[in-house]
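> My request is simple: use the sequences and hints to build the entire structure.
Protein sequence lines, in the order shown, are assigned to chains P and H.
Heads up, the first sequence is in my numbering, so the first residue is 1 and it goes up one at a time.
Heads up, the second sequence is in my numbering, so the first residue is 1 and it goes up one at a time.
Think of the hints as simulated: they come from the structure by calculation, not from any bench.
Worth double-checking, as some hints may not be accurate.
Below, computed lysine-lysine pairings styled on DSS-like, alpha-carbon distance capped at 25 Å [to be verified]:
hint, chain 1, residue 1, chain 2, residue 2
1, H, LYS259, P, LYS243
2, P, LYS34, P, LYS198
3, P, LYS243, H, LYS317
Which chain P residues face chain H? A few, computed with CB under 8 Å, are given here [to be verified]:
hint, residue
4, ASP123
5, TYR143
6, LEU164
So these bits of chain P aren't anywhere near chain H, every CB distance computed over 10 Å [unchecked claim]:
hint, residue
7, TYR53
8, ASP69
9, GLN84
10, LYS88
11, LEU105
12, LEU109
13, LYS198
14, THR199
15, THR201
The structure presented is a predicted model; accordingly, all values stated were derived computationally and were not measured.
Ideal placement from N, C-alpha and C gives every residue a C-beta, glycine not left out.
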Amino acid sequence: MKIVVLIKMVPDLVEELSISPSGIELDTTWLRLKINEFDDHAIEQAILLKEQYGGEVTVLAPEMEGVDDALFTAAAKGADRLIQLSGKFDNSWNNHALARAFLPLAQELQPDLVLTGVQAHNDLDGSLGPLVAALMGLPYVGYVAGVTVSDGVATIRKEYPAGLLAEMEVSLPAVLGIQAAEQPPRYVAFSKVRQSMKTTTLDERLAGESEPQGGVTVEHMFQPETGAGATMLEGDLTQVTDKLVSILHELDVI
Amino acid sequence: MNQDVFVSIEHLRGQVTDLSYGMLAAARQVVAEAGGEVVAVLLGHTGQHLAQGLAADRVLSIDHPALADFTSEAYIQAWSYLLREYNPRLALFGDTSIGADVAGGLSIRMGLPLVSACQVLLVENGELLFRSQICGGKIMAQGKLPPTTALVTMVPGGYRAEEARGEEPSEIISLEAPPLEDLPVRLKEYIEPEISDVDITKENVLVAVGRGIQNQDGIELVQELAEALGGVVCASRPVIDQGWLPITRLVGKSGGQVKPVVYLALGISGAPEHVEGIVNSQVIIAVNTDLAAPIFNVAKYGLTCDLFDLVPILVDKIRLSRSIQV
Ligand SMILES: Cc1cc2nc3c(=O)[nH]c(=O)nc-3n(C[C@H](O)[C@H](O)[C@H](O)COP(=O)(O)OP(=O)(O)OC[C@H]3O[C@@H](n4cnc5c(N)ncnc54)[C@H](O)[C@@H]3O)c2cc1C
Ligand SMILES: Nc1ncnc2c1ncn2[C@@H]1O[C@H](COP(=O)(O)O)[C@@H](O)[C@H]1O
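Here's what the structure looks like:
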């Protein structure tokens, strides 16, 4: 079975975010990027499927700060091929453009399954999966937590609210948006990642021009005022703990 | 193109979702300022009774066995037909397991613009604006919707479902379904959530942990706190995905909608997908080292200390205070 995994890097939300003077995008000067966590689940799901059914896993990513680490980490976990779309992925790139840039490669690889994270926290024009699926003329199912394959059909578990799941059959080839792999993304030691840098080649393809039609243009970006409604408990640890205890008393829970 | 706002009425197991009513309320506000009608779109099979209680000017209903339960392909085909036939100004979908599977495909197949994660729609000088919540609730992005039929996926939080619930639609129109054969996505069955010892949606005191807890050992620490408080432990998605707590303890979009007296959030950033599950809590108390964490937007009380410093002391003090009471 041939599996293609599409991943992208997104801002690490643990870091402080700020908006560029243009007022329409994030300031990238200090921005630290990390792999979209649901793409990490998509990689894990792909490796699990490969371990179960055999086949080949190719991971595809646009060139962004830190992407080679993410790609070689995927290789250390068991991905066979790594391809980077090279280009300057600036503000003119949205998911519609990214999906179009992925298209020729995804078609050339003739995958049975294309996996990608169900969404990324900076998606503004829908998530990548359904866009790629429609461009490839393939069916798409998102919010997937669990995949098995037999006879050209994937049986997937799709998540609905409140813990409800739907088991669905999807004719292959298909694109799936992964919410959670069947087990948490595995850990690989950095020594193994470094080793994969020597043993796996990172192919590069030029991305071409951005074709963002179908997305929308941001004219104003801002940070909501945080903590506006919250009373912050001030003081040293003992003082804030005492305040918290008296609040819990007032609420009658202790 | 006309000015009508189409709303996808999402329903699961015979029940219309809250967000669908929220989207009807959004549509009502848009047409009040920009003109047009609110049109509810109900796809299903023998489910026309679901149209009752939708505050829309019109309900367009398509009944077909292939639409009995949600599957992406059937919905995309039905919607393609509707959009081509009616050319509305806007089509609103949930940014959900249903709507997000449909809107992207429609955008590409029909060449229509799509904006996701939209919380509020604004009308300014006759122009329609989206305002979307991104980056885990830390950033808002706003812009114009192009002057063609636009597709929008909506997140909760911008509108109140109650505003659009209960009224009767003025008119229900049944439409012939487009051909829906040989679909590549088929529902096999639903799998109900496992019954567990604890129902977090019925608890009065919840101690919630997020990724800030770092590892399984941390769970024991908060378990002690929950016991001292006579409550139970629940969690955000990363904690569940790591397998540190069972999925029955998940709070948020894909988990439970809780409504305790006290929701004590430890090391949870307050991403929108989490927040939508806790907004009905009476009092939210948040402990997070990051003062910019969006959890402080919904919290009544906030502490910016390290949860690992706080929790042991808090447990001791609660125990002490209880022993004094007895
Ligand atoms: C389709 C979809 C559905 C989802 N459904 C859900 C859902 O139902 N429920 C859910 O929760 N999420 C859901 N998510 C995930 C959601 O987007 C967030 O990724 C998630 O809520 C983040 O969890 P968190 O706050 O625990 O982790 P993070 O966002 O990583 O936050 C950890 C926080 O802990 C703080 N912290 C770290 N160390 C400490 C310390 N020692 N003391 C105090 N604070 C500390 C940090 O400052 C940070 O704010 C969903 C996502 C998608 C795409
Ligand atoms: N340890 C803390 N405990 C509670 N609130 C804090 C703490 N540190 C900073 N704050 C909040 O951050 C605001 C700005 O503080 P400062 O970090 O001094 O600029 C204060 O008004 C508090 O609301």
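> A separate judgement is required for each hint: does it hold in the structure or not?
Outcome of the hint check:
1. Annotation: proposed proximity of H:LYS259 to P:LYS243 holds, straight-line Cα distance about 23 Å (limit 25 Å).
2. Among the hinted pairs, P:LYS34 with P:LYS198 is consistent with the structure: their alpha-carbon atoms are about 22 Å apart, no more than 25 Å.
3. Simply put, P:LYS243 and H:LYS317 have alpha-carbon atoms about 11 Å apart, close enough for the 25 Å limit, and the pair holds.
4. Interface restraint check: P:ASP123 against chain H, minimum CB-CB distance 6 Å, threshold 8 Å, status holds.
5. For the restraint placing P:TYR143 at the interface with chain H, the shortest Cβ-Cβ distance is roughly 4 Å, inside the 8 Å limit, so the hint holds.
6. A distance limit of 8 Å between C-beta atoms decides the matter here; for P:LEU164 the minimum to chain H is near 6 Å, and the interface restraint holds.
7. For P:TYR53, the shortest C-beta to C-beta distance to chain H comes to about 20 Å, beyond the 10 Å cut-off, and the non-interface label holds.
8. Every CB of chain H lies more than 10 Å from the CB of P:ASP69, the least distance being 20 Å, so the non-interface label holds.
9. With a cut of 10 Å on Cβ distances, P:GLN84 stays outside the contact zone with chain H, its closest approach being about 24 Å.
10. No Cβ of chain H approaches the Cβ of P:LYS88 within 10 Å, the least distance being about 21 Å, so the stated non-interface status holds.
11. The beta carbon of P:LEU105 sits about 17 Å from the closest Cβ of chain H, which is more than 10 Å, so the claim that it is off the interface holds.
12. Non-interface call for P:LEU109 relative to chain H: holds, since the shortest CB-CB distance, roughly 20 Å, exceeds 10 Å.
13. With a least beta-carbon separation of about 31 Å from chain H, P:LYS198 lies farther than 10 Å from that chain, consistent with its non-interface assignment.
14. At roughly 29 Å from the closest C-beta of chain H, the C-beta of P:THR199 stays outside 10 Å, upholding its exclusion from the interface.
15. Against the 10 Å criterion, P:THR201 stays outside the reach of chain H, whose nearest CB is about 31 Å from its own CB.
Of the numbered hints stated above, none is contradicted by the structure.
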